[in-house]
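Novice: One letter stands for each residue in the lines below.
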Amino acid sequence: MIVTPAWYMALAAVLFAIGVAGMLLRRNALIMFMSIELMLNAANLTFVAAGRELNLIDGQVSVLFVMVVAAAEVVVGLAIVVAVFRRRATASVDELAGLRG
Amino acid sequence: MIVEAALTLVLLLPLAGFVALLGVGKRLPEPWPGIIATGVVAAAFALAAAAALDFFRGSGDAVTVTWFEWLPALGVQASFLWDPLSALMTLVVTGVGALIHAYSIGYMHRDERYGRFFAYMNLFVFSMLILVLGDNFAVLFVGWELVGLSSYLLISFWFERPTAAAAGKKAFVVNRVGDVGFLVALMLIFGAFGTFAFSGVFAEAPAGIGTGMATAITLMLLLGAAGKSAQLPLHVWLPDAMEGPTPVSALIHAATMVTAGVYMVARTGVLFELAPVSSGVVATVGALTALFAATIALAQFDIKRVLAYSTISQLGFMFMAVGAAAHVAGIFHLMTHAFFKALLFLGAGAVIHGLGGEQDLRRMGGLARVMPRTFATMAVAWLAISGIPPLAGFWSKDEILASLFGRGGLWVVLWAVGLATALITAFYMTRMMWLAFGGAPRWGEGIHPHESPPVMVVPLLVLAALSLVGGLVNTPWRPGLEHFLEPAFAAVSLTHLPGGVTPWVLAALSVAAGVIGIAAATSRYRRRVPDEDSGGWLLLAGGYRVDDAYAALFVSGGGAAAAWTAATLDQRGIDGAVNGVARITGMVAERLRPLQSGLVRWYGAVVLLGSVGLIAWFLTRGGL
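So the protein sequences, as listed, match chains A and B. Number 37 in this note's numbering belongs to position 37 of the first sequence; there are no gaps in the numbering. Number 248 in this note's numbering belongs to position 248 of the second sequence; there are no gaps in the numbering.
Take these hints with a grain of salt, some might be off.
A few chain A residues that face chain B, going by a derived Cβ cut-off under 8 angstroms, partial list only [unchecked claim]: (1) I18; (2) V20; (3) M23; (4) L24; (5) R86; (6) D94; (7) A97; (8) G98; (9) L99.
Each pair of labels, with its calculated beta carbon distance range [claimed, not checked]: (10) W617(B) x V76(A): 46 to 54 angstroms; (11) V588(B) x V68(A): 35 to 43 angstroms; (12) W617(B) x A71(A): 52 to 60 angstroms; (13) V76(A) x I574(B): 20 to 28 angstroms.
The following residues of chain A were derived to be distant from chain B, with all beta-carbon distances above 10 angstroms [stated by the list, open to error]: (14) S62; (15) A70; (16) A83; (17) A89.
In case anyone wonders, no lab produced these hints; they're calculated from the structure. Predicted model, so just to flag it, every value in this text is computed and none were measured. Idealized CB from N, CA, C, for every residue including glycine.
Build the full structure now, drawing on both the sequences and the hints.
Specialist: Structure, rendered in structure tokens:
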């Protein structure tokens, strides 16, 4: 059985759907971060798969960028979560609704 | 070459005085600012007299001095014309100006803004010289506006007094009305001739424009002249301008600035000659103003307001003269009037000074004994303005009246008005003299009238001498001024005195009018101050209620228009538009508020749905 790029794309779609579901259904900020990471990596997987299939280096370069940005995002995000947790003693994002209009 | 340099210096000296005094006038001790200011004006007079020597000999040619290209696009240069007319005006402005500057050294003694006063006075002299020396309409207009500015600054010199501040504002606003006319005239002139230069305009005018255009231009010029020279219906600012210090009234509002309109009409005589209707209007306005203001002067009790209305009336005489193309007579009266009216104002200033600020004739009386020199000099001016020979006023006023009579036709009506005005003039001047100097003292306790210091008396004496003999420069058998001014009016067909015995009869009539006026006023005011509070006197004292009418018509009308604009146009229209935009934004925001739930997962869901929607769009439509 040959593993065609479509397989990678399908896997990426499944991973992305899991990430979306986690993002929308869970209230814990840390889990939500993990879901976001899942989505990002699903996207990364499509990049490398497409780069390999088309024989282009661009896909791998893009993935490196995404990883750097994701790392930076996690640093900031976790810092915020820790700060919020210290103040509110909770990690549930539904309770952080102070900006409601 | 020497004349050019002198001319430049004549202009620059007062400007230098102004700049210097503006800078250091505050730090200099009294009386140095006054001495500097008087010095520069006197030096300008000396230079002007030296430069005019050729004209006196009858050999000089007109000289043009160009300083720089001012508006190259319009071909306008900052250039100045030295011809007999501008020379005479320069001599009057600097000569009388220097005397009044000297007088001010004493009059403004201990004023807290002593230095600034003289700075403004020098600015005025500079502005007036720009006006009379300008070689084109643009420079003339610059001078015209600058004298308006100096006049405003000096009328409201004591700006702590609300009346003085209001008077300055009034003068400025009323002058603006006239200036609109002047500006329109300038545009018409440039449109018709393509140049502002006097020489170009006057050379092309006879062939270049029709009667209609000439009439339009000259009527607009007349509007400007009426504003500056306080002629009907724009005379209302001059009586109020008496709020300024008395030397200012003497210099600006009697001797020089208010005659700018007369000078301008005489200077543009070529244009007026092309428009007989305008000339008639000028003379009629002058005659009406002369009679109108003279009757108002009959009932004034403020000594300076008597003189102010008298000035308006005498300016009316000058307008009659220039309207009748008797330019020499008009300029002649301008000159003699500068002498005797400046003298009257300075004398009134001495009286006010001596009485500690009192201006009401009803609280004067008997001053002849305590202020003999002031009285003697003012008496000369009084007889001069009343037209008693051989004093200055007689010659000039009589030449105007005789020229009017000599033109015949309807001009004789103007002559009759002028004669009646001469009688009234003699009456009110005599009334003023009796109330101020004759009879028993009526001033209050604790006021000790005193003669002025020499620095104030000497200018009075010089002006009295000029009022005494100034008229002899142009007598019917030796018309010196006429020969002097002839080159300046070469292009105008002047009105001259009629021949034969007519002038003698007319002169006898006008002297009789003066004598009758003096005699009537003497019998009425010699012994007492008659009650003058019946309806007719009050109407005259209030200046025929012209101020009230203007207040009702223009001031309250303008106020109502402004109030309507503020309440309706501004608050409803402009504010309404701005507030309406804000209110719409607010309403929209109110509707959209619930979208901002604060739930992060809700936002995430919206982002997801949005992305899905976009992707679906791209997939089905294949692009935007």
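Novice: A separate judgement is required for each hint: does it hold in the structure or not?
Specialist: Checked hints:
no.	hint	in the structure
1	I18	14 angstroms, violated
2	V20	6 angstroms, holds
3	M23	5 angstroms, holds
4	L24	6 angstroms, holds
5	R86	19 angstroms, violated
6	D94	6 angstroms, holds
7	A97	3 angstroms, holds
8	G98	7 angstroms, holds
9	L99	5 angstroms, holds
10	W617(B) x V76(A): 46 to 54 angstroms	32 angstroms, violated
11	V588(B) x V68(A): 35 to 43 angstroms	40 angstroms, holds
12	W617(B) x A71(A): 52 to 60 angstroms	33 angstroms, violated
13	V76(A) x I574(B): 20 to 28 angstroms	47 angstroms, violated
14	S62	18 angstroms, holds
15	A70	17 angstroms, holds
16	A83	16 angstroms, holds
17	A89	18 angstroms, holds
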